[in-house]
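Engineer: Respectively, the protein sequence lines represent chains X and L.
Quick note on numbering: my numbering labels position 154 of the first sequence as 154, and the sequence is numbered without any gaps.
Quick note on numbering: my numbering labels position 53 of the second sequence as 53, and the sequence is numbered without any gaps.
Hint data in this document are derived by calculation from the structure and do not stem from the laboratory.
For glycine and all other residues, C-beta sits at the position ideal for the given N, C-alpha and C.
Possibly wrong hints are sitting among the right ones.
Calculated pairs, DSS-like style, for lysine-lysine (alpha carbon to alpha carbon, straight line, at most 25 Å) [unchecked claim]:
#1 L:K136 / X:K208
#2 X:K50 / X:K208
#3 X:K39 / L:K136
#4 L:K173 / X:K108
Quick list of the computed label-pair ranges, beta carbon to beta carbon [what the hints assert, rightly or not]:
#5 X:L46 / L:K287: 25 to 31 Å
#6 X:S176 / L:L99: 37 to 43 Å
#7 X:K246 / L:G111: 16 to 22 Å
#8 L:K178 / X:D179: 34 to 40 Å
#9 L:L99 / X:K138: 44 to 50 Å
Protein chains: 2
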Amino acid sequence: MNLNFDEIKKEIFLLRNLINNSLKKYLHYKKELPAIIIKAMRYSVLAGGKRLRPLLSLFTAKLLGLKLNKVLPFACAIEMIHTYSLIHDDLPAMDNDDLRRGKLTSHKKFGEAIAILTGDALLNYAFEIMLKNTLKEKKYYKNYIKAIYDIASAAGINGMISGQVFDILNENKIISKKDLNFLHLHKTAALIRASITSVAEIAKVNYKIKSFLKIFGEKIGLAFQIMDDILDETGDEKKIGKKVKKDRKKGKSTYPALYGISKSKEIANNLILEAKKYLSKIKGNKKGLSYIADYIVNRIK
Amino acid sequence: MNLNFDEIKKEIFLLRNLINNSLKKYLHYKKELPAIIIKAMRYSVLAGGKRLRPLLSLFTAKLLGLKLNKVLPFACAIEMIHTYSLIHDDLPAMDNDDLRRGKLTSHKKFGEAIAILTGDALLNYAFEIMLKNTLKEKKYYKNYIKAIYDIASAAGINGMISGQVFDILNENKIISKKDLNFLHLHKTAALIRASITSVAEIAKVNYKIKSFLKIFGEKIGLAFQIMDDILDETGDEKKIGKKVKKDRKKGKSTYPALYGISKSKEIANNLILEAKKYLSKIKGNKKGLSYIADYIVNRIK
């Protein structure tokens, strides 16, 4: 068992390297473009995140028997979309944060105008990367277009954006559990789910497996946000790399605010158990996805 | 000749209606989403722009013998991308404008946070629309993916974004003609060009015609920005629907600043003449594109 654990940790280390190298390659400087925009894109994307979403994509590829290089561009695109959302979320008009991943936020480092444009650039570039790679997949155009559409839906008004809007609308309000779930499912779980289901589109799995993966993704996504809110209450600022206890100050509705820390942890743990139940219905190498699911509730940053 | 003129004006009126109805249809309210984000998207998109870019797409479809409904979703998507860029460009951290198309800017109306998210939402939604419609075109996946990629490239760091960044970097600086052309070609002409060349991708025309259309698009795009800068100096605030004489105040490099009004007009007129020379090399119904090219230098708003 211990050996198994070391193996998967080593695999994650290698996959993270693969992801980081690929991100770096995509974000190369081009002499004909203003260097500052590439610099600002690199600054935020290469700041050393957990790479949770791209890891989920790559482990889903392993589960479904896809070659990693068929999925890697999409995994990188999702990480760029995630990073754009953080950059815009940190802006003074939004969460007004100074620190992210242990470094100054984009607008603190480059100014607000460049930070806004850097977010825009990353969102747009994510689509450029996915489209360019789709053009290489002559036999599988349809699957790849569906994968991009899945990601686009998760990032847009039917996903992340509405979560973000809902978050802003409900500052300093106590909201119902139903509304809190809407918030978390849209703001966080949608893109986490899409990092898994978009790979299912590429692999063209049947409807049943796709729906199991969808439920798995949503449940771990929800658990991820609950843990995020718990860490905001209990976590170590230095380890997390951003200010803590912000939610309370902003009067944000969170699981800890509604249920307390220990009940929230229980809910998150249960979500992971349920998620893994759905995962167990699928045949194949599930070690990676299963490990990440556990990691989500055990992480300290 | 006069009759001809009336005909084309009537056609533009009908096509604008088609575009506006289609935009409205795409931006319908959904009871499960926070109404404010759809409201803010509608507010800016349906504020009655000239619809220059979608008109160019539809007239290119006519020239190349494509049915309008094959291109209309892309035309609408381009208008959404254009509108997102205006919303972000108007933000306090960027151009800090209060008026756009004769109405309050998005952030003045809805606050900065919602304005940022509305821009994000429109960019993302443009891709959703294009991808969803591509899925309907089984026989032509490749052409449609190339069309989306063409638009994405024009909107991203190789196009509009770099133009915007370059604009910010060069406030209160006198820049060379070469740099000014880089600025205009990226900030403005790239998306105008793509509204034409993306249709050429869908129609799968040969390389020669594509390159004529590319040159036509770039030249009218450049002329459009020169006229925009001239109107900023000489135009009527009420007709244009935004504050004038802003460029001078912000120390922006423009054609009028470098060459004066009359020489700038001459340059714009020459660009249109050259553009039409390239258009004339293509067989088909060129009336629409030709009329828009002339309109660009004759417009008063």
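Engineer: Each hint should be assessed against the structure and marked as holding or not.
Structural biologist: Checked hints:
1. With a C-alpha separation of about 24 Å, the suggested pairing of K136 of chain L with K208 of chain X holds against the 25 Å cut-off.
2. At roughly 30 Å between alpha-carbon atoms, K50 of chain X and K208 of chain X are farther apart than 25 Å, so this suggested pair is violated.
3. Distance hint between K39 of chain X and K136 of chain L is unfulfilled; the C-alpha atoms sit about 39 Å from each other, more than 25 Å.
4. Restraint check for K173 of chain L and K108 of chain X: satisfied, since their Cα atoms lie roughly 24 Å apart, inside the 25 Å limit.
5. The hinted range of 25 to 31 Å is not satisfied by L46 of chain X and K287 of chain L, whose Cβ atoms lie roughly 51 Å apart.
6. Between S176 of chain X and L99 of chain L the beta carbon distance is about 40 Å. The supplied range of 37 to 43 Å therefore holds.
7. Range check, K246 of chain X to G111 of chain L: Cβ separation about 20 Å, and the 16 to 22 Å hint holds.
8. Checked against the hint of 34 to 40 Å, the C-beta distance between K178 of chain L and D179 of chain X comes to roughly 55 Å, which is inconsistent with it.
9. The hinted range of 44 to 50 Å is satisfied by L99 of chain L and K138 of chain X, whose Cβ atoms lie roughly 49 Å apart.
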